[in-house]
Amino acid sequence: MKLLVVSQYFYPEQFRINDLCRELVRRGHAVTVLTGYPQYPGGVIYQGYGFDKPYETSWHGVRICRVRTHPRGKSIFGMLRNCVSFVAAGNQWVRNCTEKFDAVYVFEVSPVTVGLPALVYSEKFRVPMYFNLQDLWPDNVHEVLGIRFPPLTWAINRIVDRIYAGSHRILCASRGFVESLTERGVERSKLVYWPQFCPEPELEGKEKPEVYRPDDFNMVFAGNLGDAQGLDLLVDAAEALRGRGVRWYLVGDGRARARLEKLVRARNLQEDVIFLGRMDPAEADRYVRFADCAYLSFQNNPLFNKTLPAKLQTYLACGTPILAAAGGESARVIREASCGLAVKPERDALVAAALEMAALPPETRRAMSAAGRKYYEEHFTMDRLVDRLEAMLARQE
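The numbers in the numbering used here rise by one with no breaks, and the one at position 9 of the sequence shown is 207.
No lab work stands behind these hints: they were computed from the structure.
All of these numbers come straight from a predicted model, not from anything done at the bench.
Everything hinted at is true.
Cβ pair distances, simulated, as ranges:
#, residue 1, residue 2, range
1, G443, P210, 33 to 39 Å
2, Y391, K460, 35 to 41 Å
3, P348, K460, 31 to 37 Å
4, I472, E544, 20 to 26 Å
5, N498, I274, 21 to 27 Å
Cross-link-like lysine to any residue pairs, in silico, SDA-like; alpha carbons within 20 Å at most:
#, residue 1, residue 2
6, K406, D478
7, K542, P500
8, K272, A454
9, K272, E211
10, K388, M590
11, K272, V282
12, K322, T230
13, K322, N294
14, K572, E402
15, K298, G364
16, K572, E561
Quick reminder that beta carbons are idealized off the backbone N, C-alpha and C, glycines included.
All chains should be modelled from the sequences, with the hints used to inform the complete structure.
In structure tokens, the structure reads:
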């Protein structure tokens, strides 16, 4: 099968779409990715890349077509320009395209406008579009960016409705998204619960990171350090737990990192909260696997309660007990899997849960690890989920 993948983000940016494309190629499919220039999460085009510089046109058998997309920077204006430039350049690419693919697959992490060039292609060549929904809009604009300007909300709703109407299938990353789109009036027959998979972690021969102290309870957060993750709560909990043997490690980067580091310094918590920075996914998995507990959190609002973050699948795959300061979908999975604790995103609840996790006997935490790993194998492996996608694409169901 010839497949066109439309995603604003692709290698060397680290998103699961990279793994999906490699796996589809491994299974014998021809995959072309229409994408921008790498700039996530810093908002600046990566060193070595530029509009007038040559770039790799193939990666592990995946053909890459990059279009001029202005980096998002740190401002709202920059983000808007980023969205508009990708749509304009993507639409131009589609207008010039004479190659017919069997289907078009959209990897939608914000912005939702990534679906517009794909929709133009789908309509031009009359092929089905599979829209992989990772973020809900306009909810994401309201809750993450704090923008509630009625004319903008009206415009976004028109874009979203057009994309949903033109999609053959909408692959929802959580059950909460299925419910939201049903309430919105989207045809239920279009909606498929298709959570993010996690590739098998590469842990063979890996050893415990030296920074993890043997006498401490080592907690790790791995992923995007953004405002949506509500990581101020982690700093509040670390302050309350100072001197009690709980240390927090943050693996990753993002818009909130500089602010969080400043907050940690202001409270003199540099020994309690350690920023390890962005690293290769395999190395990040090592930090997760050998931590005593993996942590995830979200701001407390209805949107994030519907979201199932990809880091949860990673934590399960690594067989690490989980502590979540989150409700909704994340809490549901953790309780179903019996792999940890989920509490309200409040300081006192998180402090109590961290102390409870640290006090558990080793055999109890090992049981949580085994249960989480089993749940991953039953629900979130790449083979299982790509099999389902491949079947949908083959039958165009």
